[in-house]
Amino acid sequence: MTAPFELSDDSVVVVIGTGAGGGVLANELAQKGVKVVALEAGGRYLPEDYINDEWESFGQLAWLDPRTTSGDWRVAKDFSGLPAWIVKAVGGTTTHWAGASLRFQDHEWKAATTYGNVQGASLLDWPIDAEEMAPWYDLAEKKLNVTRTNGNPGLPGSNNYKVFAAGAKALGYENFHTGRMAINSTENHDRLMCQQTGFCFQGCKWGAKWSSAYTDIPEGEATGNLEVREKAHALRIEHGPDGKVNGVVYADADGNEHKQMARIVAVAGNSFESPRLLLNSASSMYPDGLSNSSGQVGRNYMRHLTGSVYGVFDKPVKMWRGTTMAGIMQDEAKHDPSRGFVGGYELETLSLGLPFMAAFLDPGAWGREFTSALDQYENMAGMWIVGEDMPQETNRVTLNHDVTDQFGMPVANVHYSDHANDRAMREHAYKQGQAMYDAVGATRTLPTPPYPSTHNLGTNRMSENPRDGVVNRWGQSHDIDNLFVSDGSQFTTGAAENPTLTIVALAIRQADHISRELSAGNL
Amino acid sequence: MTKTIAGPRGLTRRQLLARATAAGASFVVGAGYVAATDAAWATEMNAMKPDSFATLVQLARDIYPHDRIPDENYVVAVKGYDTPQEVDATEAGIEMLNAAARGRGYGSYLDIGWERDRVDLLRSIEDSDFFQKIRGGLVTGLYNQKAVWPIFGYEGESFSQGGYLYRGFDDIAWL
Ligand SMILES: Cc1cc2nc3c(=O)[nH]c(=O)nc-3n(C[C@H](O)[C@H](O)[C@H](O)COP(=O)(O)OP(=O)(O)OC[C@H]3O[C@@H](n4cnc5c(N)ncnc54)[C@H](O)[C@@H]3O)c2cc1C
Ligand code: SF4
Chain L
-13 MTAPFELSDD SVVVVIGTGA GGGVLANELA QKGVKVVALE AGGRYLPEDY INDEWESFGQ
47 LAWLDPRTTS GDWRVAKDFS GLPAWIVKAV GGTTTHWAGA SLRFQDHEWK AATTYGNVQG
107 ASLLDWPIDA EEMAPWYDLA EKKLNVTRTN GNPGLPGSNN YKVFAAGAKA LGYENFHTGR
167 MAINSTENHD RLMCQQTGFC FQGCKWGAKW SSAYTDIPEG EATGNLEVRE KAHALRIEHG
227 PDGKVNGVVY ADADGNEHKQ MARIVAVAGN SFESPRLLLN SASSMYPDGL SNSSGQVGRN
287 YMRHLTGSVY GVFDKPVKMW RGTTMAGIMQ DEAKHDPSRG FVGGYELETL SLGLPFMAAF
347 LDPGAWGREF TSALDQYENM AGMWIVGEDM PQETNRVTLN HDVTDQFGMP VANVHYSDHA
407 NDRAMREHAY KQGQAMYDAV GATRTLPTPP YPSTHNLGTN RMSENPRDGV VNRWGQSHDI
467 DNLFVSDGSQ FTTGAAENPT LTIVALAIRQ ADHISRELSA GNL
Chain C
1011 MTKTIAGPRG LTRRQLLARA TAAGASFVVG AGYVAATDAA WATEMNAMKP DSFATLVQLA
1071 RDIYPHDRIP DENYVVAVKG YDTPQEVDAT EAGIEMLNAA ARGRGYGSYL DIGWERDRVD
1131 LLRSIEDSDF FQKIRGGLVT GLYNQKAVWP IFGYEGESFS QGGYLYRGFD DIAWL
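Residue numbers (my numbering), protein chains in the order written: chain L, -13 to 509; chain C, 1011 to 1185.
It is possible that some hints are incorrect.
[Said to hold, decoys possible] Anything over 10 Å on all C-beta distances counts as not near chain L; from chain C, calculated:
hint, residue
1, P1060
2, E1096
3, D1098
4, M1106
5, N1108
6, A1109
7, S1118
8, D1121
9, S1134
10, K1143
[To be verified] Listed next, the in silico DSSO-like pairs over lysine-lysine satisfying Cα-Cα at most 30 Å (straight line):
hint, chain 1, residue 1, chain 2, residue 2
11, L, K148, C, K1156
12, C, K1143, L, K63
13, C, K1156, L, K301
14, L, K63, C, K1156
15, L, K417, L, K155
16, L, K301, L, K155
17, L, K96, L, K417
18, L, K217, L, K21
Don't read these hints as lab results, they were simulated from the structure. The beta-carbon is built from N, C-alpha and C at its ideal position, and this holds for glycine as well.
I would like the entire structure built from these sequences, with the hints used as guidance.
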């Protein structure tokens, strides 16, 4: 039951993007009786459509519109046109995601205060803290039905996890388990339990993993208050003479342009498209783009310090069997500058299928050093490093006016260079990860470079002072009251944890704020 | 399965065909084209010179050498270059390889008997567009062939079999 709203209906909230941020915001608003039109650039795919095949699934779901890259990160060399691995579909990247759902540690909301002055980093404290976020995290964990919360059991340990756990134990680590996952460990919420198929990154065909595509979106649609317009690609946000935004111009599946009028616009296109949209909406009143009086739109792009370690053993592991992210080790997530860097990192098991392993193990490599590692694919175990990277003003999304997309709009250029802190942390994590596998008899370990970004954060950051960022504590533009940012781009800093639980918690909180402000007549 | 050892004379088209046949594909051999009855790569070789194609197959194996993968999978991986659009650039690249081989005292790339010596030559041209194009194409052209997955132990799709919940997701016994 979808609610068709008129293009001229200027009482609706327009949400751009239907992933972790936008999908949740749209549903939460709809549940509160607020009318919402969600514009989604991609099409709609449900569990029956997902494909247990890495490249075929990539072709079905990934965002493949052009982007460009610069900076000294290796992704710019190996995957110059593909800085991020994210999704263009109803549900956004929650179709691809692995489901690791972690709260920030308390001190991570106060990175500037905790870490002190780090040269070259544009660290800032969030304008909100752990205490304020705790009730919203509670709601987010309920919604995502996270394991090891709300009485849910943990998932059982897979082969890949068992190797990882044995290594962690051997090194004396204490904090490791099969993770807090937005994956059903029992049958509930009308969804099956995890069948350990091992294609979490390709969309869960069992619906065991939470994705807004088949939870929040249909729940919102069922209220009659939410219309999701798929294959509707937002091109620019427009405003009236009063400076407030009044609608969104989008292209439909046939490339025809329409303008959906709006009372409020919430941008949730992930951290490249959201700032790009604000920049592409420049006008004579806002010559530098919307909400950009601070000059901060697009800046402080963060992607988590990542990397992987694969261990080769003399006997089979078959890491691809079971959940893709099957466990976590958290002892290094603390802030302990004696290790030579500020902030911390998580180690999480990971597996790739053979086709992706060939593409990502050591991009560009060839010859027997490479193929003799792949030959041992069956005997490999794998883990992923997720650490806090330093925000830097110069790591940023800008418009590349030399390259345009299918609608003639300038594409996003993504510039990223590692901070010295990032390099020190990655080296530490490689060493610890390799030591874990060595401790259980690895015959060879492979410190693997970062993949195209899956966690994209910070390009419209939240700040107390309008001078320092783009949005306030509610994700509301410092410059334009009825413009909101609702995705990972509002992150002030990245913390060591996978971001989605926090994106979802912020979206639930933002929906509450918007509906209260609407009732109070403030918006 | 046959092994990939290019003899001192390299691979002639006839040898290539013989090896591929031994590897399980059945061939129809005619003048100027190579085709398999296997639907996966039943492509008429109508554009490329057979010797060039043999060189390309050897090049593919030298870039990503897997001794347990038979030639037919390398053939499939590079068959896309045997088109009117691709053939000129590809033949030019292969001529560059042969010229480099002649510069090192061999008759052609295929005349270089040891992988070590071929790899040494390839290191000197690895930044060329030709090499990078062939290498990049192989990443999916070779490793995304379902036929090679079992050689690596990879089991592929699992949904239709109910996942691994009751099929050994946690069956590791050696820890
Ligand atoms: C392989 C993989 C594994 C991951 N695993 C985890 C994990 O275990 N834990 C975790 O916390 N996170 C994980 N993530 C990250 C997680 O998916 C993202 O953090 C999250 O989905 C981001 O939410 P978002 O709302 O910012 O953007 P998205 O979920 O990416 O949604 C953005 C949506 O906006 C749409 N859009 C963009 N521009 C426009 C436009 N102009 N008009 C209309 N629509 C537009 C896009 O098509 C997309 O649907 C993973 C990501 C990947 C790729
Ligand atoms: S392993 Fe579990 S969560 Fe992942 S795709 Fe399969 S059923 Fe879904």
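Quick rundown of the hints versus the structure:
1. P1060: 25 Å, holds
2. E1096: C/E1096 clear of chain L: closest Cβ-Cβ about 20 Å, beyond 10 Å.
3. D1098: About 24 Å separates C/D1098 from the closest Cβ of chain L, which puts it past 10 Å; holds.
4. M1106: Given that every Cβ of chain L is farther than 10 Å from that of C/M1106, nearest at about 17 Å, it holds.
5. N1108: C/N1108 clear of chain L: closest Cβ-Cβ about 20 Å, beyond 10 Å.
6. A1109: Holds, because the least Cβ-Cβ distance between C/A1109 and chain L comes to about 21 Å, which exceeds 10 Å.
7. S1118: 21 Å, holds
8. D1121: 20 Å, holds
9. S1134: For C/S1134, whose nearest Cβ neighbour in chain L is about 13 Å away, the distance exceeds 10 Å, so it holds.
10. K1143: Its Cβ never comes within 10 Å of chain L, the nearest being 13 Å, so this holds.
11. L/K148 to C/K1156: Holds - the C-alpha atoms of C/K1156 and L/K148 are around 28 Å apart, at most 30 Å.
12. C/K1143 to L/K63: 15 Å, holds
13. C/K1156 to L/K301: Satisfied, since the Cα-Cα distance of roughly 23 Å is no more than 30 Å.
14. L/K63 to C/K1156: 28 Å, holds
15. L/K417 to L/K155: 16 Å, holds
16. L/K301 to L/K155: Answer holds: L/K301 to L/K155 is near 20 Å, not above 30 Å.
17. L/K96 to L/K417: Answer holds: L/K96 to L/K417 is near 28 Å, not above 30 Å.
18. L/K217 to L/K21: 20 Å, holds
Violated hints: none; the structure is consistent with every hint.
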